[in-house]
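Just so we're aligned: 129 in the UniProt record's numbering is position 129 of the sequence shown, and the numbers increase by one with no gaps anywhere.
Hints were generated in silico from the structure; no laboratory data involved.
Beta carbons: idealized from backbone N, C-alpha and C, even for Gly.
Worth double-checking, as some hints may not be accurate.
Distance ranges between label pairs, derived from CB positions [unchecked claim]:
| no. | residue 1 | residue 2 | range |
| --- | --- | --- | --- |
| 1 | ALA198 | ALA290 | 43 to 49 Å |
| 2 | PRO83 | PRO259 | 31 to 37 Å |
| 3 | ALA245 | ARG5 | 23 to 29 Å |
| 4 | LEU7 | LYS174 | 18 to 24 Å |
| 5 | GLY108 | GLU164 | 44 to 50 Å |
| 6 | GLY23 | THR224 | 41 to 47 Å |
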Amino acid sequence: MSTPRFLDLPPGVSPKRIETPEGVFAALEALPGSGLPDRWPALLVPGYTGSKEDFLSVLQTLAQAGRRVVAVDLRGQYETPGPDDPAAYTCAALGRDVDSLVAVVGGGEPVHLLGHSFGGLVTRETVLDGTGKLASYTLMSSGPAGMVGAREVAGRRMLEKMPELGLEAMWTEKMEPDALRAGVPEEIVAFLRRRLFANSLVGLECMGRAVLDADDRVDELAETGLSMLVLYGEHDDGWPPRLQAEMADRLDCECVVVPGAVHSPAVEAPETTAAALTRFWNAAESMMLAR
1 MSTPRFLDLP PGVSPKRIET PEGVFAALEA LPGSGLPDRW PALLVPGYTG
51 SKEDFLSVLQ TLAQAGRRVV AVDLRGQYET PGPDDPAAYT CAALGRDVDS
101 LVAVVGGGEP VHLLGHSFGG LVTRETVLDG TGKLASYTLM SSGPAGMVGA
151 REVAGRRMLE KMPELGLEAM WTEKMEPDAL RAGVPEEIVA FLRRRLFANS
201 LVGLECMGRA VLDADDRVDE LAETGLSMLV LYGEHDDGWP PRLQAEMADR
251 LDCECVVVPG AVHSPAVEAP ETTAAALTRF WNAAESMMLA R
């Protein structure tokens, strides 16, 4: 779970509702402090139990490079409503939602797409279906297949309890104790609780299974020819750093390890993360324009 350090919107960042053929999505939009965006836009997709607020620490900095940057809640997450239909929460279905967001956010221009954690498993479906006009793709703290290790064990245990106990078990047994142990301020703890209980229960069950059981599709990604970046914290406790480094090798793409960060580099090391993304996005644009 990503835990924002603050909730006040920085200058140039504002809430939006993005209307697409697939539905309306809650978003945060960041624009340059002065002048019009003169670079291609970026779309940021959060992970499991996450939301657009997970990117609050980097939105303003990313936009200052001259581009529009949009972070969204996926269907069934926080402020984007979702149905009680499990079919709406497969990675493929959510990837189609991202396709529709890419089309609207891009407005005809290529879009830099980023998926964090489970968002990486979703957005790779967007990349692989080939319908979106993409400038680049970043996998942030995500992996080649389903999550492994201690988080996998804890996740499967939680999913067993969810049908009977709902979201209360996830909050009281895991999220709240973790937040209090980490000394998270009261207002942020209140936000975390509000966000969790605003999620679709069906959505969290289905997405939880997806993040644990996803197939390895790295070889398919490597065949797309899209500019890619693998970025993760040096102490990532989601997918092991070794697996993410191997994924970057298989993709034959750049790999950035963020010093001191764990599973949420945009929160834990925002300046380093924003600098790496801006450099990568600018380079990807230059390559596309030179073709």
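Results for each hint:
| no. | hint | in the structure |
| --- | --- | --- |
| 1 | ALA198 with ALA290: 43 to 49 Å | 44 Å, holds |
| 2 | PRO83 with PRO259: 31 to 37 Å | 42 Å, violated |
| 3 | ALA245 with ARG5: 23 to 29 Å | 27 Å, holds |
| 4 | LEU7 with LYS174: 18 to 24 Å | 21 Å, holds |
| 5 | GLY108 with GLU164: 44 to 50 Å | 48 Å, holds |
| 6 | GLY23 with THR224: 41 to 47 Å | 26 Å, violated |
When the structure is compared with the earlier hints, violations turn up for hints 2 and 6 and for no others.
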